[in-house]
Each structure stands twice: as structure tokens, then as C-alpha cells.
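Starting from the known structure of chain A, arrange chain B on it as the hints suggest.
These protein sequence lines are chains A and B, in that order.
For the first sequence, our numbering gives the first residue as 286, with consecutive numbering after it.
For the second sequence, our numbering gives the first residue as 60, with consecutive numbering after it.
Note that these hints are calculated values from the structure, not bench results.
Hints are supplied without guarantee of correctness; some may be wrong.
To be verified - Partial list, computed: chain A residues near chain B (C-beta under 10 Å):
| hint | residue |
| --- | --- |
| 1 | T287 |
| 2 | L305 |
| 3 | L306 |
| 4 | Y310 |
| 5 | A312 |
| 6 | L316 |
| 7 | L321 |
From the three backbone atoms N, C-alpha and C, an ideal C-beta is built for every residue, glycine too.
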Amino acid sequence: MTPLYNKLTRYLSPAASSVLLAIIYAALLVLIAMFLGSRATFDLIYLDLGR
Amino acid sequence: MLLSSLVGVALVWTLPRRYGLSAVAVLTLLSVSILSPASGLWLAGTSLLTVLIVRGYSATRHRGLLVFVASAILLTLLFVSRQTGGFFWIGGAYFTLRNMHVLIDWWMQRLRVPTTADYLKYSLFLPVLMAGPIHRLDNFQRQLRRQRLDSTNLFSGAERALLGLAQALVIPFVLRRLQYVSTRHMETLHPFLLRWIEGSFDWLILYFSFAGLTSLALGLSLMMGLKLEENFNRPWAAANLIEFWSRWHMTLSHWCRDYVFYPVAAVTRLPIVGLLLAMLAMGLWHDTSAYYVLWAVWQSLGIFLTHVTIRFTGNREAGLSGRILGTASVFAWLSLTKPMVLQFLDIFS
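Chain A on its own, in the form it takes in the complex:
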């Protein structure tokens, strides 16, 4: 039971929430894979903050 799952089950059935959650996770992973490829962007944000 994650916070996002709990939020989804307020509006949807448990089965629909699980499916939607899986879609959200997949979309996030695809986005992260796309943007993590651009190391320059990531390093700029991450390393500048941690100086």
C-alpha cells in the first residue's frame, strides 16, 4: 500500500487503481530513462546543489 495507491483507491476500485498505478510507474520510468540519458542536465542539477 503506497501513498499513491491509497489516493487512487479513494476514487477507483482496487483493481483499476493497480492498473493505473502500473501505468503511472511505467510512464515515470520511461521519462526518467529518457532524461537520465542527458547526463549533462542531471549532473548540472545534482552536483551544483551538492557542492
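Coordinates of chain B only, in the frame set by chain A:
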């Protein structure tokens, strides 16, 4: 570092409980040293110095002097690191403040003296090394006692880390593109207005990347069974600038409040001096430059004016329109920081 943190999670889950976080500490030192040997040495040296003082000199009558000298060493190292171009430093701004918090609280006898192992687990905790939060030792010790490795923490932490990483990567990228597109054909615009637009985007980009990385760090910590301090509490819902600074980068603003504002205000009996020095500490923590000195003056002026306004109008509970107006005024003041400070620097130079 991200991959190392995931290895850390695996170590915490597979090793016996008493060795899990010790292994993470070793992993932290290894990861930092591989990326930047000088930072590894700095991190290890200052952590050992702090724990040596806290553990070894409990009986001394000269605690204050010892803390003063150690803090001077820590701050000098931070300052020197800022001046050495070409080196690649990791996390110094964060672990310097953590060590100073421990030293000052030990001096004021507000701290339960940690074991060396516990202190090193605290100081060498990988998820928070790069982008905070500046967590406190007393809460960390409490979390060590309550550490809970279960599926709820593991999945909730993973979800938060995933959302945080996506937020830190995707939204700032989109905002940067938007900033580029919106200012591309505006060369003819007055420099002040151009800087104002840039300043507005800068705050939004900083918020989404920093809050995202904080979520990543807190998510990874939760996966290791530890619940650390939050760094952001919906700062854009703040009704005024005072409220904003108590919701934005909370672990840093609380640090400056506890170790700069309160002592200075108590000694001088002048809260305005405490405020100015606290904001100066916060500004110089970001970078040691004239820009951040003026940045601190600008933020202090904003907080002072907010105080004056509240005194005259009363601190009434704001309705929806009041809150919207409050948020708009906070954002206007913050976004004006860049153009105003650069304008002053232009005049002085």
C-alpha cells in the same frame, strides 16, 4: 551516487541489522572517494574530527573554545573548497553544517553523546549526501532505534524516490526550454525586465529540481527504514515571505534560525541584526560572493517589511483571495531578487 544508494538499500536489506547502516557508511566513503578523492578525505577527516571532540572531550571545561576552533576549521575548509577551481567537490555545504550542528549542540549539552559507530552512520549516510536534507543527529539516533524494514516502507520509499527523480529531471527540463523560448526574441527588452523573467523561471526550476532531489533522498532513506526530516512544506502556499522561509529548504532555515538568529538576537537584543546575519549565513552557504551578500540583504528587507505590514494590518487569517494575493506577492519579491541584486552590482561595479 544514485546507483550506490540503491546498492546501499540492498545492503541494509540483506545484511544483519547491526551491520546494514555501517556498510552504507563504508559504501558512502568509497563512492565519494572514487568520484572525488579530495571530497572523500574532507568528509572522513571532518567527521572524525567532530566525533573525536564529542566523544573524547566530554569532561573538558573548554568546550566553547574547542567548538569555536573546530567550527573555524570546518568553515575555512568550506571556504577554501569554494575558491579552488578545477576540483570537483561533493556535499561539503551539507556535511559542514551537520558537523557544526553536532558540535554546537554538544557544547550546549542538548545532545545525547553518540557512539562513534552511530555518528559515522549519521555523517556518512549516502542518500542525503548530495542534496540534503541537513538532518539532525538527535532525530537520526531516534530513527536508528525505530528502524523498520518492512514492505510498506520499502514500496512507499521507492514510490517517493521514483516521483522525486522524475520531478527533478523532467519539470526543470521543460521549464528551461520554456525559459529559453520565452526570452529568445527579447533582446530588445530592458535588461531589468529580462532578468526578472529569468529570475522567475530560476525560482521555479530550483524548486522542482531541489524538492525532487529531496524526495529522492527521503524515499531512499525510507527504503532503508529511516524517516528523515522534510525539506519543503508547500512553500508556494505561503501567505507571506516569513511563512515562505519557514516552508522552503526547512532544514537549512531551521539551522540558521537555531544557530545564528536565536544566539545573535539573544546577545544583541536586536532581532533585526539576528535576521540579517541568519540570512547572510544562508546566502553565503549557497556561494561566497557579493551576489549572495546582497541576496541576503534583499531577503532580510522583505522579511522586515512583512513584519511591519503584519504589525499595521494585524495577522488576520487570510481568505482565498488573500492567500492568492499573498502567494503572488511572495513570488514577485523572490523573482525580483535577481534583477535587483544584479542592478545593485552593476551600480557598484
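Hints, verified against the model:
1. The interface hint given for A:T287 is met, as the beta carbon of that residue sits about 4 Å from the closest beta carbon of chain B, less than 10 Å.
2. Given hint, A:L305 at the interface with chain B, is violated; its Cβ is 13 Å from that chain's nearest Cβ, farther than 10 Å.
3. The interface hint given for A:L306 holds, since its Cβ lies 9 Å from the closest Cβ of chain B, which is under the 10 Å cut-off.
4. Evaluation of the A:Y310 hint against chain B yields a held restraint, the C-beta minimum of about 7 Å falling below 10 Å.
5. The beta carbon of A:A312 is positioned within 10 Å of a beta carbon in chain B (closest approach about 9 Å), and the interface hint is therefore held.
6. A least Cβ separation of about 5 Å between A:L316 and chain B falls short of the 10 Å threshold, and the interface hint therefore holds.
7. Using the Cβ-Cβ criterion of 10 Å, the hint placing A:L321 at the interface with chain B is satisfied: the shortest such distance is roughly 7 Å.
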